[in-house]
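Asker: Sequence:
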Amino acid sequence: PALATARILITAGRNDPICPAPLTQSLADYLEAQGSDLTLDWHDGGHEVRQNELAALQGFFNEMPALAG
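Numbers given in our numbering equal positions in the sequence shown, counted from 1, plus 1.
Don't take each hint at face value.
Distance ranges between label pairs, derived from CB positions [claimed, not checked]:
(1) Pro2 / Gly47: 29 to 35 Å
(2) Gly46 / Ala67: 28 to 34 Å
(3) Arg51 / Arg8: 28 to 34 Å
(4) Glu64 / Cys20: 22 to 28 Å
(5) Pro66 / Leu28: 33 to 39 Å
(6) Arg15 / Gln59: 17 to 23 Å
Hint data in this document are derived by calculation from the structure and do not stem from the laboratory.
Ideal Cβ placement from N, Cα and C applies to all residues, glycine included.
With the hints as constraints, model all of the structure from the sequences given.
Answerer: Printed below as a string of structure tokens:
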């Protein structure tokens, strides 16, 4: 599958009224079933960006190989 080589980060709030946790989990389950390298980082808030999400994003990018160019 095309997603087998994809690295994906999802950050989400367990109390998100716009994208409820069960929908986020369903998306994560689907992406993992397709073989993606998925990181799912939850926080206890809603639909806002929290400090732990910024840290997860920084860690995600720090683990990426440098682009040749």
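Asker: Range first: 28 to 34 Å. Now tell me if the beta carbons of Arg51 and Arg8 are that far apart.
Answerer: For Arg51 and Arg8 the Cβ distance comes to about 21 Å; the hint is violated.
Asker: Taking 28 to 34 Å as the hint, is the beta-carbon distance of Gly46 and Ala67 inside that range?
Answerer: holds (33 Å)
Asker: Per the hint of 17 to 23 Å, is the separation of the Cβ atoms of Arg15 and Gln59 within bounds?
Answerer: holds (21 Å)
Asker: Quick check on a hinted range of 29 to 35 Å for Pro2 and Gly47, using CB atoms only.
Answerer: holds (32 Å)
Asker: Could one say that the CB atoms of Glu64 and Cys20 fall in the range 22 to 28 Å?
Answerer: At roughly 25 Å between Cβ atoms, Cys20 and Glu64 fall inside 22 to 28 Å, so the hint holds.
Asker: With respect to the beta-carbon atoms only, verify the hint that Pro66 and Leu28 lie 33 to 39 Å apart.
Answerer: Once the Cβ atoms are compared, 25 Å apart, the range 33 to 39 Å for Leu28 and Pro66 is violated.
When each numbered hint is compared with the structure, violations occur for hints 3, 5.
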